[in-house]
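J.: Given next are the chains, with one letter for each unit.
Number of protein chains: 2
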Amino acid sequence: MAIRIGILGYGNLARGIEAGITHNKDMELVAVFTRRDPSSLQIKTAGVPVVSVNDILSYKDKIDVLMLCGGSATDLPKQTVEYAKDFNVIDSFDTHAKIPEHFAAVNEQALKNQKVAIISCGWDPGMFSINRLYSNCVLPDGKDYTFWGKGVSQGHSDAIRRVPGVKNGKQYTVPVESALEAVRSGSNPELTTRQKHTRVCYVVPEEGADKDLITKTIKEMPNYFSDYDTTVNFITEEEFARDHSGMAHGGFVFRTGTTGWNNENKHVIEYSLKLDSNPEFTASVLLAYARAASRLAAKSDFGCKTVFDIAPALLSPLSGEEIRAHLL
Amino acid sequence: MAIRIGILGYGNLARGIEAGITHNKDMELVAVFTRRDPSSLQIKTAGVPVVSVNDILSYKDKIDVLMLCGGSATDLPKQTVEYAKDFNVIDSFDTHAKIPEHFAAVNEQALKNQKVAIISCGWDPGMFSINRLYSNCVLPDGKDYTFWGKGVSQGHSDAIRRVPGVKNGKQYTVPVESALEAVRSGSNPELTTRQKHTRVCYVVPEEGADKDLITKTIKEMPNYFSDYDTTVNFITEEEFARDHSGMAHGGFVFRTGTTGWNNENKHVIEYSLKLDSNPEFTASVLLAYARAASRLAAKSDFGCKTVFDIAPALLSPLSGEEIRAHLL
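In order, the protein sequence lines correspond to chains A and B.
For the record, in the first sequence the residue sitting at position 127 is 127 according to the working numbering, with numbers rising by one throughout.
Going from the second sequence to the working numbering is simple: count from 1 and add 1000.
Simulated from the structure, these hints should not be mistaken for lab results.
Be aware that a few hints might be false.
To be verified - Calculated pairs, SDA-like style, for lysine to any residue (alpha carbon to alpha carbon, straight line, at most 20 Å):
(1) Lys-1062/B / Glu-1028/B
(2) Lys-1044/B / Leu-318/A
(3) Lys-143/A / Ser-1316/B
(4) Lys-25/A / Ile-3/A
(5) Lys-1025/B / Trp-261/A
(6) Lys-150/A / Ser-1185/B
(7) Lys-1143/B / Asn-24/A
(8) Lys-1196/B / Asn-1223/B
(9) Lys-1299/B / Ile-3/A
(10) Lys-211/A / Val-176/A
(11) Lys-1143/B / Leu-318/A
(12) Lys-143/A / Lys-1044/B
(13) Lys-1025/B / Leu-318/A
(14) Lys-98/A / Glu-1321/B
(15) Lys-1060/B / Pro-1049/B
(16) Lys-1143/B / Asp-276/A
Claimed, not checked - Partial list, derived from the structure: chain B residues whose beta carbon lies under 8 Å from chain A:
(17) Phe-1103
(18) Asn-1136
(19) Ile-1269
(20) Ser-1272
(21) Thr-1306
(22) Ile-1310
No residue lacks a Cβ here, since even glycine has one placed at the ideal position from N, Cα and C.
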């Protein structure tokens, strides 16, 4: 029987999940839930209803896993706790500093109601975290490096757009190639913030705006840009629409470490992602974990989990025999 | 209390485990077991006994996990089954085609005697397998590529040394850079055996040997070399000792796949290892799984397992709270 999926929300991530379900033959989309007027929302999957979130409880027994597609700032801290009462849920909560309290609140609710909740799923947190953990366990004496990009930072793009005189803007985080090479060489470099990433901005100025002032304001913005080498490029609205509507992203996780009686042998572990679509890849990870959630629920292994708590085999549609024969 | 480790055998892998224990503060070496006369074996860890394998059962209650360091061809198929009767065991069984029957035999014994056995641990099978599995689950529509090297192939080195006129020899498997780049680009190339790896041989000839004949014999050897572009270099015994005693290895695991309604978005997942010491890195992986084995045994989760069945958190000396706070 197919794993019955519900989606709450219909932004980029939710649309990625909708498309992702078509790549997973053991899953089916049951409904998309929205806080808006359902009649205002047109989804892509034929025959699947759009339902007001007010009616979500009538789907309590029709859905195996509910995918929560809200934002980490205000939606998920409430939604995941709320919906873990009635559904097995997956979220992509990515406010690192608040994961412990989010975990505790969700865990309490999920245990009390015998549900499975998998939080902080995606690629960072998610696939990158798994690689950090495995590599740390295998090389206890070593050093971690994470690089992001090339890809769009939503927070930095928002910051640009708040600068006076900016009509539209997008910011790319770009890893510094020489820093990547230094890490890859196993030389264990100490890298400052500035040495790891550069920030490249594309700005559509308002008519008559002072471009030098915009550049200066962006480059000197504390927290966001002042610690980085930042480039500001001015482009037209047409160029913006043509060249900067993509959602590519990616990054690198390294651990370099030593073994031997005198740390005489060096090792480099590198994991990297190069993604055409950040939301579709994130959605694909969430769906693999939805499969795990449905299995954990089936064996009454309830509570809040992260990617660290879930054996890889639980993500696969194949049997233990099959994965041992073909992937081990 | 420390995890008490026993080691069976004292070859390269066993010596890597002995050194690796010093990098894991929660582990201690209890004994090294040998089929030889124990007095003939000098180990590096002060105060730890070398014990005849005939006396291993007297250590039944003194060891939490026994690391089996025999070879896959003849040792492990017998040893893992035999010692899973009295010990939690880890092996690095790597004869891919025989994993299903090895798993079945070990599982039966381990379940019957309430022991944990983790088989086929290391980096391939092991870390590479995990990456293949995760990537397959996240990108159901895609293609896998595994490259090995640059590193020594023991089997191919043995094959060289059997050629008449060869005094000593070593063979390096080298991934073809242009093939790596083609995969990395996401172009999903179809690659023949010849296009993926080259084989580079270093041979010390016997005095007066016919070098042309040796070269021809190696290059035309079926299974081992005839499907590859092979280079044969002749060197002196001194050069051999100076330049070819290392045990570096490594490799790459890729999955390239697509998402979206029309497979319009491409993604590339790459995992790679660059290892100064193949046996020491393999040993480090085995030790991380020894930690998992001791935990599985403590919660009575018995039977045969592979890396697919074990949640990443079980490998870490840190608590769930700590890994969520620092690595997620």
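J.: If a hint holds in the structure, say so; if it does not, say that too.
T.: Each hint, compared with the structure:
1. Taking the CA atoms of Lys-1062/B and Glu-1028/B, the gap is about 11 Å. The hint holds against a cut of 20 Å.
2. A C-alpha spacing of about 44 Å is found between Lys-1044/B and Leu-318/A, which places the hinted pair above 20 Å, so the restraint is violated.
3. Pair hint Lys-143/A plus Ser-1316/B holds up; C-alpha atoms about 16 Å apart against a cutoff of 20 Å.
4. Distance restraint check for Lys-25/A and Ile-3/A: the Cα-Cα separation of roughly 9 Å lies within the 20 Å cut-off, and the hinted pair is therefore satisfied.
5. Between Lys-1025/B and Trp-261/A the alpha-carbon distance is near 14 Å, which keeps this suggested pair within the 20 Å criterion.
6. Taking the CA atoms of Lys-150/A and Ser-1185/B, the gap is near 15 Å; set against the 20 Å cutoff, the hint holds.
7. At most 20 Å may separate the alpha-carbon atoms for a hinted pair to count; Lys-1143/B and Asn-24/A meet this at roughly 16 Å.
8. Restraint check for Lys-1196/B and Asn-1223/B: the C-alpha separation of about 15 Å stays at or below 20 Å, so the hint holds.
9. Straight-line distance between C-alpha atoms of Lys-1299/B and Ile-3/A comes to about 30 Å, which puts the hinted pair past the 20 Å bound.
10. With a C-alpha separation of about 26 Å, the suggested pairing of Lys-211/A with Val-176/A is violated against the 20 Å cut-off.
11. Proposed proximity of Lys-1143/B and Leu-318/A is supported: the alpha carbons are some 16 Å apart, at most 20 Å.
12. For a cut-off of 20 Å, the pair hint linking Lys-143/A to Lys-1044/B is broken: about 27 Å separates their Cα positions.
13. With a CA separation close to 37 Å, the supplied pair Lys-1025/B and Leu-318/A exceeds the 20 Å bound.
14. The hinted pair formed by Lys-98/A and Glu-1321/B meets the criterion: a straight-line CA distance of about 12 Å does not exceed 20 Å.
15. Restraint check for Lys-1060/B and Pro-1049/B: satisfied, since their Cα atoms lie roughly 15 Å apart, inside the 20 Å limit.
16. Straight-line distance between C-alpha atoms of Lys-1143/B and Asp-276/A comes to about 16 Å, which keeps the hinted pair within the 20 Å bound.
17. This hint holds: Phe-1103/B has a C-beta 6 Å from the nearest C-beta of chain A, less than the 8 Å allowed.
18. Because the closest C-beta pair between Asn-1136/B and chain A is about 7 Å apart, less than 8 Å, the hint holds.
19. Given hint, Ile-1269/B at the interface with chain A, holds; its Cβ is 6 Å from that chain's nearest Cβ, closer than 8 Å.
20. For Ser-1272/B, the shortest C-beta to C-beta distance to chain A is roughly 5 Å, which falls under 8 Å, so the interface hint holds.
21. This hint holds: Thr-1306/B has a C-beta 6 Å from the nearest C-beta of chain A, less than the 8 Å allowed.
22. With 8 Å as the threshold, the beta carbon of Ile-1310/B comes within range of chain A, its nearest partner Cβ sitting at about 6 Å, so the hint holds.
Taken one by one, the earlier hints fail for this structure at numbers 2, 9, 10, 12, 13, listed in ascending order.
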